[in-house]
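> Sequence:
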Amino acid sequence: MSSHDAFDPSRRAWLARNAALAVAAPLASLVPGMAAGAGRDAPAAAEGLVRLDLNESSYGPSPRVPVAIQRALPLAPRYVTAEQGQALVGQIAALEGVAPEQVIVGEVLEPLGQHLAVAGKGGTFVYSVPGYGALVDAAAPFGGRAIEVPLDASLRNDLPRLLAAIQADTRALFVVNPHNPSGTVSPGKDFDAFVLAASAKALVIVDEAYLDYLPDAAERTAVRHLRAGRNVAVFRTLGKIHALAGLQIGYALVPPDLAAALRKRGVGSPHGLNQLSIAAAAASLADPGHLAWVREQVAAERTRWLDHLRRLGLRYAEPAGNFVFFDVDRPQAEVVAALKTHKILVARAFPPYDTWVRISIGTPAENRLAQAALSEVLRSG
Numbered sequence: 001m002s003s004h005d006a007f008d009p010s011r012r013a014w015l016a017r018n019a020a021l022a023v024a025a026p027l028a029s030l031v032p033g034m035a036a037g038a039g040r041d042a043p044a045a046a047e048g049l050v051r052l053d054l055n056e057s058s059y060g061p062s063p064r065v066p067v068a069i070q071r072a073l074p075l076a077p078r079y080v081t082a083e084q085g086q087a088l089v090g091q092i093a094a095l096e097g098v099a100p101e102q103v104i105v106g107e108v109l110e111p112l113g114q115h116l117a118v119a120g121k122g123g124t125f126v127y128s129v130p131g132y133g134a135l136v137d138a139a140a141p142f143g144g145r146a147i148e149v150p151l152d153a154s155l156r157n158d159l160p161r162l163l164a165a166i167q168a169d170t171r172a173l174f175v176v177n178p179h180n181p182s183g184t185v186s187p188g189k190d191f192d193a194f195v196l197a198a199s200a201k202a203l204v205i206v207d208e209a210y211l212d213y214l215p216d217a218a219e220r221t222a223v224r225h226l227r228a229g230r231n232v233a234v235f236r237t238l239g240k241i242h243a244l245a246g247l248q249i250g251y252a253l254v255p256p257d258l259a260a261a262l263r264k265r266g267v268g269s270p271h272g273l274n275q276l277s278i279a280a281a282a283a284s285l286a287d288p289g290h291l292a293w294v295r296e297q298v299a300a301e302r303t304r305w306l307d308h309l310r311r312l313g314l315r316y317a318e319p320a321g322n323f324v325f326f327d328v329d330r331p332q333a334e335v336v337a338a339l340k341t342h343k344i345l346v347a348r349a350f351p352p353y354d355t356w357v358r359i360s361i362g363t364p365a366e367n368r369l370a371q372a373a374l375s376e377v378l379r380s381g
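Going letter by letter, the sequence shown gives residues 1 to 381 in UniProt numbering.
Calculated directly from the structure, the hints in this document are not laboratory data.
Since the structure is predicted, the reported quantities are computational estimates derived from the model, not experimental observations.
Check before you lean on any hint, since a few could be wrong.
[What the hints assert, rightly or not] Once the Cα atoms are required to be at most 25 Å apart in a straight line, the calculated BS3-like pairs of lysine-lysine come out as: (1) 201 / 121; (2) 264 / 121; (3) 201 / 189.
[To be verified] Distance windows between CB atoms, simulated: (4) 331 / 266: 40 to 50 Å; (5) 312 / 83: 51 to 61 Å; (6) 229 / 147: 24 to 34 Å; (7) 121 / 313: 48 to 58 Å; (8) 256 / 164: 41 to 51 Å; (9) 299 / 188: 11 to 21 Å.
Backbone N, C-alpha and C fix where the C-beta goes; we use that ideal spot for every residue, glycine too.
Input sequences plus hints: build the corresponding full structure.
Written out as structure tokens, the structure reads:
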């Protein structure tokens, strides 16, 4: 079964979640914020701020995660073995329908950018701006040169312009879908045609960090192009819907030759992992019911956010992830600073959208606080 197959949360899943939380209670008491995350409705961080700035999940990880971490604690003095690393690789490969040798575990984007620039003696990297530029930034010290393509009028990736920007020396075309910071997702058929055409010219790297927030993720994922043998790589982080941002773990699904080259450079080695993160990752990936539950909560709160923005008369990009991006028609920095006085943290600026604000979708309690603060700031401004 694909990791993106639909799952219908049931009373059985609810009971299992709560049973797991009971088992995990001793660990939660030792880890600040874990108990709050398990409650799913706690608005406060330890410093009294509502953190809606980094698109983390306010809904906490699967209840299986603290149980798995507790069980892994005795292994903390030990390095991750090759067998342990391979077990997680095998689990991911089975979920994604790819060969194990195509799975690279870890936060792979930056070393991937470095490798492509070094192996290609520089070259160009095409991506959308504003956007998440970790891969492109990592390539720059090794001679990689960015080709920046603005978003289209709907604040989506401009697929025709991205395709046209590919040059003979392009090492990779990097696209985030759904996009960050706009939150928009490209139409499925258009995106498929784009990946098909672009991968015939260069390596296409698709960051699907936010794709799991869509109920039809299984139909949208670019992994099927990789399965078909195309020059496509897909990156996933477990720092968003899986709520494992603090454990710094994700994975990439890549063509076999690229995987072999990365492994020669030590990327994906079990020595780059740790016992707690691999235990947490395995537990979270084995709990699609929790992801489905979080997806439903975020979708409901996303609708409430859009209703609120419409009441305020603000225009916004059509969101598909766990955040909203909207135009406040005044300097973004002023609104961000004012929100901070209300103990609400929101994202940095994303030029040239200097009057636009990105706010992550939190719990209902967090969102009501943020919405009240936003209304007050705009009224008083």
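> Each of the hints needs a verdict: does it hold here or not?
Hints, one by one, checked against the model:
1. For the suggested pair residue 201 and residue 121, the alpha carbons sit about 18 Å apart, so the restraint of at most 25 Å is met.
2. This hinted pair checks out: residue 264 and residue 121 have alpha carbons roughly 17 Å apart, not beyond 25 Å.
3. Taking the CA atoms of residue 201 and residue 189, the gap is about 19 Å. The hint holds against a cut of 25 Å.
4. Taking the beta carbon of each, residue 331 and residue 266 are about 45 Å apart, inside 40 to 50 Å as hinted.
5. A hinted range of 51 to 61 Å holds for the C-beta pair residue 312 and residue 83, which are about 55 Å apart.
6. A C-beta distance of roughly 26 Å is found between residue 229 and residue 147, which places it inside the suggested range of 24 to 34 Å.
7. For the hinted restraint 48 to 58 Å between residue 121 and residue 313, the CB-CB distance of approximately 52 Å keeps it satisfied.
8. Range check, residue 256 to residue 164: about 29 Å between beta-carbon atoms, so the 41 to 51 Å window is missed.
9. Distance hint check: the CB atoms of residue 299 and residue 188 are about 18 Å apart, consistent with the given range 11 to 21 Å.
Of the numbered hints listed earlier, the single one contradicted by the structure is hint 8.
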